[in-house]
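2 protein chains.
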Amino acid sequence: MISRELTEADLHCLEIGAAILGTGGGGNPYLSKLRALEVMRAGHSIRLVSLDELPDDAKVVPLGGIGAPVVGVERIREGREGLRALWALERHLGFAADAIACEEIGGANSMEPLIIAAQAGLPVVDGDGMGRAFPEMQMTTYSIYGHKSTPSAMSDPHGNVVIFEHAVSELWHERMARATMVSQGGSSALALAPMSGAFTRQFAVPGSYSRAIALGAAVITARSQHLDPIAAISEREGGRLMFAGKIVDVRREIDGGFVRGEVEIEGHDAFAGSSGNIHLQNEYLIFRRDGVIEVIVPDLIVVLNADDGLALSTDMLRFGQRICILALPAHELLRTARALEVIGPRGFGFPELPFSTLEDVDTAASAD
Amino acid sequence: MISRELTEADLHCLEIGAAILGTGGGGNPYLSKLRALEVMRAGHSIRLVSLDELPDDAKVVPLGGIGAPVVGVERIREGREGLRALWALERHLGFAADAIACEEIGGANSMEPLIIAAQAGLPVVDGDGMGRAFPEMQMTTYSIYGHKSTPSAMSDPHGNVVIFEHAVSELWHERMARATMVSQGGSSALALAPMSGAFTRQFAVPGSYSRAIALGAAVITARSQHLDPIAAISEREGGRLMFAGKIVDVRREIDGGFVRGEVEIEGHDAFAGSSGNIHLQNEYLIFRRDGVIEVIVPDLIVVLNADDGLALSTDMLRFGQRICILALPAHELLRTARALEVIGPRGFGFPELPFSTLEDVDTAASAD
Numbered sequence: 168m169i170s171r172e173l174t175e176a177d178l179h180c181l182e183i184g185a186a187i188l189g190t191g192g193g194g195n196p197y198l199s200k201l202r203a204l205e206v207m208r209a210g211h212s213i214r215l216v217s218l219d220e221l222p223d224d225a226k227v228v229p230l231g232g233i234g235a236p237v238v239g240v241e242r243i244r245e246g247r248e249g250l251r252a253l254w255a256l257e258r259h260l261g262f263a264a265d266a267i268a269c270e271e272i273g274g275a276n277s278m279e280p281l282i283i284a285a286q287a288g289l290p291v292v293d294g295d296g297m298g299r300a301f302p303e304m305q306m307t308t309y310s311i312y313g314h315k316s317t318p319s320a321m322s323d324p325h326g327n328v329v330i331f332e333h334a335v336s337e338l339w340h341e342r343m344a345r346a347t348m349v350s351q352g353g354s355s356a357l358a359l360a361p362m363s364g365a366f367t368r369q370f371a372v373p374g375s376y377s378r379a380i381a382l383g384a385a386v387i388t389a390r391s392q393h394l395d396p397i398a399a400i401s402e403r404e405g406g407r408l409m410f411a412g413k414i415v416d417v418r419r420e421i422d423g424g425f426v427r428g429e430v431e432i433e434g435h436d437a438f439a440g441s442s443g444n445i446h447l448q449n450e451y452l453i454f455r456r457d458g459v460i461e462v463i464v465p466d467l468i469v470v471l472n473a474d475d476g477l478a479l480s481t482d483m484l485r486f487g488q489r490i491c492i493l494a495l496p497a498h499e500l501l502r503t504a505r506a507l508e509v510i511g512p513r514g515f516g517f518p519e520l521p522f523s524t525l526e527d528v529d530t531a532a533s534a535d
Numbered sequence: 168m169i170s171r172e173l174t175e176a177d178l179h180c181l182e183i184g185a186a187i188l189g190t191g192g193g194g195n196p197y198l199s200k201l202r203a204l205e206v207m208r209a210g211h212s213i214r215l216v217s218l219d220e221l222p223d224d225a226k227v228v229p230l231g232g233i234g235a236p237v238v239g240v241e242r243i244r245e246g247r248e249g250l251r252a253l254w255a256l257e258r259h260l261g262f263a264a265d266a267i268a269c270e271e272i273g274g275a276n277s278m279e280p281l282i283i284a285a286q287a288g289l290p291v292v293d294g295d296g297m298g299r300a301f302p303e304m305q306m307t308t309y310s311i312y313g314h315k316s317t318p319s320a321m322s323d324p325h326g327n328v329v330i331f332e333h334a335v336s337e338l339w340h341e342r343m344a345r346a347t348m349v350s351q352g353g354s355s356a357l358a359l360a361p362m363s364g365a366f367t368r369q370f371a372v373p374g375s376y377s378r379a380i381a382l383g384a385a386v387i388t389a390r391s392q393h394l395d396p397i398a399a400i401s402e403r404e405g406g407r408l409m410f411a412g413k414i415v416d417v418r419r420e421i422d423g424g425f426v427r428g429e430v431e432i433e434g435h436d437a438f439a440g441s442s443g444n445i446h447l448q449n450e451y452l453i454f455r456r457d458g459v460i461e462v463i464v465p466d467l468i469v470v471l472n473a474d475d476g477l478a479l480s481t482d483m484l485r486f487g488q489r490i491c492i493l494a495l496p497a498h499e500l501l502r503t504a505r506a507l508e509v510i511g512p513r514g515f516g517f518p519e520l521p522f523s524t525l526e527d528v529d530t531a532a533s534a535d
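Each protein sequence line maps, in turn, to chains A and B. Once you know that position 185 of the first sequence is 352 in this note's numbering, the rest is easy, because the numbers rise by one and skip nothing. Once you know that position 259 of the second sequence is 426 in this note's numbering, the rest is easy, because the numbers rise by one and skip nothing.
Bear in mind the hints are in silico, worked out from the structure with no lab data behind them. Only true hints are included.
No copy is singled out in the list; a pair is fine if it fits within one copy or between any two copies.
Here are the simulated SDA-like pairs of lysine to any residue, each with C-alpha atoms no more than 25 Å apart in a straight line:
hint	residue 1	residue 2
1	K226	E303
2	K315	E245
3	K315	Q369
4	K413	A439
5	K226	R258
6	K413	R455
7	K315	L250
8	K315	A346
9	K226	F262
10	K315	E257
11	K315	V349
12	K413	E429
13	K315	W254
14	K315	R258
15	K413	H393
In this text the structure is predicted, and so the values were computed from the model without any measurement.
The following block holds chain A by itself, in its conformation from the complex:
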């Protein structure tokens, strides 16, 4: 497999891109980036391999951190959790991994596979299972399109190792793994059953790392040239500016291990006189303008600081902040009927709301 080696600059770009694709959640990539830099400086190379390069029978292990983002920020990692999880899985199943796959390019879990793969001397596939961030494991394209993610192996900073040998469904796997992770203190690493190269090529969201790195590079370039980083993001991603204004209310509560809430925004500039509302469940899920839904999950809702284009996660929102709201189209793999059952409005408890793509909303608006 031909691979390309990432540089320190790539990691800085990835941090920015991953925060944007996190759509408010996914955990802060900053600390994970520091750990990735450390691993790199210790002499390990971080290598990306494109989906096209994967042999059909390659054994690709999806792998990442599992935990509460807030705990992830405060708790120091032991450093080899992921490696222990990978080794436990290899031992249990009697195989050797050929490559590592990212489950979630948005947020901190963009960095975790890089760190663990570098430690293990394996390349990371240039793709992921979400093309953004989602809160639960069964929400990957891998699970949606039929990969059975057990047996899987989990390790924590203490050195405990648990193998989920068989789950009767992807949702049961998620439930058991989450409960075990909480008992381990709130931040563990989880390696999932290997996928074939052929399956990965077909069902991973392609090019996620390249995309996130290019996105971050576009922001950095725009800033250095005193251009609008928000326009740069929108242009690169085929996105659309949905709203600009000032946050006038933020309501957030923890409910069943998730952050749920509403953000109210008073329109400014071109949006003066309008009011915006974002419904969030860990990530930003629904954007309404004057009560009408304009963007809905799985399309991406990105909240950016108006001044510098910094992507804001849900915990960073404050009264009085000036923000811009961008919508980016979700990858087609996330928009099929099969995917929408899991990661569409229904999957998040809104069976009454149909999914309309950004493009549909555009067309409808033009027809008005």
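Given the coordinates of chain A, work out where chain B should sit on it, guided by the hints.
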């Protein structure tokens, strides 16, 4: 190994004896008895093997149910949870079990090993890891005297299987297993890493099944002969009647997954004018008479219905009930300094209370 086959009558006796040794907790053995009878009637034999018969190198798997007693009463079992757990463990470690061991003779977990062993065609060792009931896994003589209970395998009624491959301590194993069990719905089966026959012979509380069955038989005999069943229990076990009276207050609350509470008793008959108090944490832990500790964990505090000698679990206590309180001496394996660290007053959050055996309290009282 020479084994003796249990009869239906043995199971009825065991139910009574296990409830007495449950010291208020351990879960209700009645429903488990019905399942044991069902397995027996389906043609499986339930065989007991004495500790003396175990070859040094026999592989003995401690095994039982893990869950909340209240859930255990309400939730219908799938029936082969334990067998799946045992098989998963054997597969993971590549061995074949020679015998099954009971972890906890008090309550429902006296029956579980019988059911699973019968299904698997294996004998059950006549001994256990507690000689009574305790709320957590690390509280067995097996764990206390050095057995590492991981890798272990857990299965639930749905068919999910989890392997705890490595826990950094017995307490961590307990924490992770309990959280996973809760995520599975509250009643699962857990098979622990095998012990050698030599270790089991040395550190199991010996003869637990024979003892519980004989205890139940003594109660049944006393009742049929219109003799006092409470005196029969006390005589068989070298126990002592500590108090008799009427419950005047019961306070119970759920705290961190455990039932904690206090029971106040007004003395009757020989105890008229005295007041009794029981502190409970799942099991009855401390008995005080007029404010002075007379029995303390790990010695056994047994609460019996005054009329018929029925053992009362903590959830059965009601205002106005007439009860007798018996104290039974704990096995010497539970009274060593090493054991008291885990299952003495300190292990239950009372580092300031020393353990005094029943016999010490007797001597002190005589010296007064």
